[in-house]
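Enquirer: For this one, chain A is given, so just place chain B on it according to the hints.
There are 2 protein chains.
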Amino acid sequence: MNLDDVRAAARVLDGVAHRTPVMTSRTLGDGVFLKCESFQRGGAFKFRGAYNFLSSLDEEERARGVCAISSGNHAQAVALSARELGIRAAILMPEDAPPAKLAAVDGYGAEIETYDRYSMPQVQAGREFAERRQMTFVTAYDDPRIAAGAGTAALELLEDAGELDLLLVPVGGGGLMAGCATVIKALHPGARVIGVEASGVVKRSLEAGERIQIPVPRHIADGQMLTQPGEWTFEVMRELVDDVVLCSDDEILAAMAFLFDRLKLVTEPSGAIATAALLAGHVRPEGARTGVLISGGNVGLERFVGLMG
Amino acid sequence: MNLDDVRAAARVLDGVAHRTPVMTSRTLGDGVFLKCESFQRGGAFKFRGAYNFLSSLDEEERARGVCAISSGNHAQAVALSARELGIRAAILMPEDAPPAKLAAVDGYGAEIETYDRYSMPQVQAGREFAERRQMTFVTAYDDPRIAAGAGTAALELLEDAGELDLLLVPVGGGGLMAGCATVIKALHPGARVIGVEASGVVKRSLEAGERIQIPVPRHIADGQMLTQPGEWTFEVMRELVDDVVLCSDDEILAAMAFLFDRLKLVTEPSGAIATAALLAGHVRPEGARTGVLISGGNVGLERFVGLMG
Chain A
12 MNLDDVRAAA
22 RVLDGVAHRT
32 PVMTSRTLGD
42 GVFLKCESFQ
52 RGGAFKFRGA
62 YNFLSSLDEE
72 ERARGVCAIS
82 SGNHAQAVAL
92 SARELGIRAA
102 ILMPEDAPPA
112 KLAAVDGYGA
122 EIETYDRYSM
132 PQVQAGREFA
142 ERRQMTFVTA
152 YDDPRIAAGA
162 GTAALELLED
172 AGELDLLLVP
182 VGGGGLMAGC
192 ATVIKALHPG
202 ARVIGVEASG
212 VVKRSLEAGE
222 RIQIPVPRHI
232 ADGQMLTQPG
242 EWTFEVMREL
252 VDDVVLCSDD
262 EILAAMAFLF
272 DRLKLVTEPS
282 GAIATAALLA
292 GHVRPEGART
302 GVLISGGNVG
312 LERFVGLMG
Chain B
12 MNLDDVRAAA
22 RVLDGVAHRT
32 PVMTSRTLGD
42 GVFLKCESFQ
52 RGGAFKFRGA
62 YNFLSSLDEE
72 ERARGVCAIS
82 SGNHAQAVAL
92 SARELGIRAA
102 ILMPEDAPPA
112 KLAAVDGYGA
122 EIETYDRYSM
132 PQVQAGREFA
142 ERRQMTFVTA
152 YDDPRIAAGA
162 GTAALELLED
172 AGELDLLLVP
182 VGGGGLMAGC
192 ATVIKALHPG
202 ARVIGVEASG
212 VVKRSLEAGE
222 RIQIPVPRHI
232 ADGQMLTQPG
242 EWTFEVMREL
252 VDDVVLCSDD
262 EILAAMAFLF
272 DRLKLVTEPS
282 GAIATAALLA
292 GHVRPEGART
302 GVLISGGNVG
312 LERFVGLMG
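Residue numbers (the numbering used here), protein chains in the order written: chain A, 12 to 320; chain B, 12 to 320.
Incorrect hints may appear among the rest.
Which residues of chain B face chain A? A few of them, derived with a C-beta cut under 10 Å, are [claimed, not checked]:
#1 31
#2 34
#3 270
#4 315
Computed spacing ranges between beta-carbons, pair by pair [stated by the list, open to error]:
#5 B:130 to A:254: 52 to 60 Å
#6 B:124 to A:260: 37 to 45 Å
#7 B:313 to A:260: 14 to 22 Å
#8 A:114 to B:22: 42 to 50 Å
#9 A:69 to B:110: 55 to 63 Å
#10 B:124 to A:120: 52 to 60 Å
#11 B:22 to A:70: 52 to 60 Å
Covered stretches of chain B, going by a simulated chain A footprint (3 or more residues, C-beta under 8 Å) [what the hints assert, rightly or not]:
#12 46-54
#13 304-312
Bear in mind the hints are in silico, worked out from the structure with no lab data behind them.
All values reported here derive from a predicted model rather than from experimental measurement.
Ideal placement from N, C-alpha and C gives every residue a C-beta, glycine not left out.
So that you can see chain A by itself, here it is in the shape it has in the complex (with noise of 0.2 Å):
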């Protein structure tokens, strides 16, 4: 995959996702724009590479329909995708997802299998579902065409905000990551790129220089529940990542309140995790001129008073 894969994705793209305002906050600094995917359809980034992904199938591949494993957003984001292209979609949901992802997924008109997450990996679990259901699977983040999709968000970013020097990235499965570093490293070479994460999968993958597997986390970014990362993705991240950093839950949340209070932004942990890095001092721009992606804000009202409340 490479820039020309995101511009063709950009196109398909065009009309379609919407093009999500990039914010700036003189307490986070005068050179940092927060690209604000929680305003994307579906309310989070998945909806790009669901998309493109979708609209790449053939004839045959759409005529069996589509399945997906997901915590939510790429949940939503599939299903969404499928209706706008009048392809049929069953989705398996870990039974702990946050309701309003659940009736989201349903609004979508999607039909909807639970499991139990603690028992058996995700990839697993899909696995067997796809070939139970006989459906073409759409991966959450491991696919090209999923990547080139979510790379859309940073050609956005760079368009808007102009030259940057440093891009945070949430980082899970490693799609969006894998087509924002693409997308920047083409156009801005001596440009960081930096992952933030909650469980520390992906930076001791990175360090270990292999994909290490871990137990299904426990933290609040459900939105990165993932036990190892992607295969492909992995791959890239290797070739352009530059570092990964950390949060905890109480820097999450700490950044999700600053969102809410001095942007006015709904964001989800995993959509705040980027902004916390930079509130926590684990990242310091330094004066360089930074892109922040807040990657979705589907944290549902009343989840989100628990958190705060």
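Expert: For chain B alone, coordinates are given in the frame of chain A:
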């Protein structure tokens, strides 16, 4: 005041005020456009009018400094505008104003005095404060420069959304309404303009044909605590406003929850009230291209959690 005054204000504000995003929601309807002044500097539309007013002052007026009385958003707007223009500011605020608003005004470097808003009409308290301080008084709404600044929000909305048949505007003192109604009636004379309020003082005044006075209302829309419409704004509203509808606290809270969950927007009660009028069915667009002003987002996390919990 006419469209040219609003266009002149737009030139004054160019590069100083944010051009706030316009959002859409399929749930609200295909032709509904939300102008999100919650993302304006200072967290509300008020910055537009205050900055335009302060920019019009002569050297002597600037040297004396400026003062204002406000429950919050106008206070922040005057404090922020004064800081930008290098003018000294003192603000009289109700002692029960939301803590987030008091803190923000303090943060902008203005001096704060507090008073009991249930013991003295705001107009009287403001007059006494201005006399005592011998500073230039900045009215929150009852001045063409304030209204012309506020009207730039409607100008931008029409540029981004195209022609509108209907415009819903939160109405308190009437500055935002006077500015926005002037713009849309000049550009699209057939469009209907509807005010939305919590207390009914504007509706009853328009029905009576004169400004009535009510006791300080006790509802959650702290941005609409006025006991009487403005003198000048009332004359503008008599001429240009087609109707005024009321929303209850519960309807406002439902709109705040909807905007949080579905549009990822942080709104304060008076900021959500025009959306509440749509959701509660007090206004039925029935296919009309509809603009909705979201006037502000300064609710503060703690108060939001309290209201929603």
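Enquirer: It remains to establish, for every hint, whether it holds in the given structure.
Expert: Results of checking the hints against the structure:
Annotation: interface hint on residue 31 of chain B holds; nearest CB of chain A at approximately 9 Å, less than 10 Å. Below 10 Å, beta-carbon pairs count as interface contacts, and residue 34 of chain B has one with chain A at about 7 Å; its hint therefore holds. Interface restraint check for residue 270 of chain B: the shortest CB-CB distance to chain A comes to about 9 Å, inside 10 Å, so the restraint holds. Given hint, residue 315 of chain B at the interface with chain A, holds; its Cβ is 7 Å from that chain's nearest Cβ, closer than 10 Å.
Between residue 130 of chain B and residue 254 of chain A the beta carbons are some 58 Å apart, a value that agrees with the proposed interval 52 to 60 Å. Take residue 124 of chain B and residue 260 of chain A: their Cβ atoms lie about 41 Å apart, and the range 37 to 45 Å holds. Take residue 313 of chain B and residue 260 of chain A: their Cβ atoms lie about 20 Å apart, and the range 14 to 22 Å holds. With their beta carbons about 46 Å apart, residue 114 of chain A and residue 22 of chain B fall inside the hinted range of 42 to 50 Å.
A C-beta distance of roughly 59 Å is found between residue 69 of chain A and residue 110 of chain B, which places it inside the suggested range of 55 to 63 Å. A hinted range of 52 to 60 Å holds for the C-beta pair residue 124 of chain B and residue 120 of chain A, which are about 57 Å apart. Against the hinted window of 52 to 60 Å, the Cβ-Cβ separation of residue 22 of chain B and residue 70 of chain A comes to about 55 Å, which satisfies the hint. Only residues whose C-beta sits within less than 8 Å of a C-beta in chain A count toward coverage, and the region 46-54 of chain B has 3 of them, enough to reach three; the restraint holds.
Judged by the Cβ-Cβ criterion of 8 Å, the region 304-312 of chain B is covered by chain A as claimed, because 3 of its residues qualify and three suffice.
In this structure, none of the earlier numbered hints is contradicted; all agree with it.
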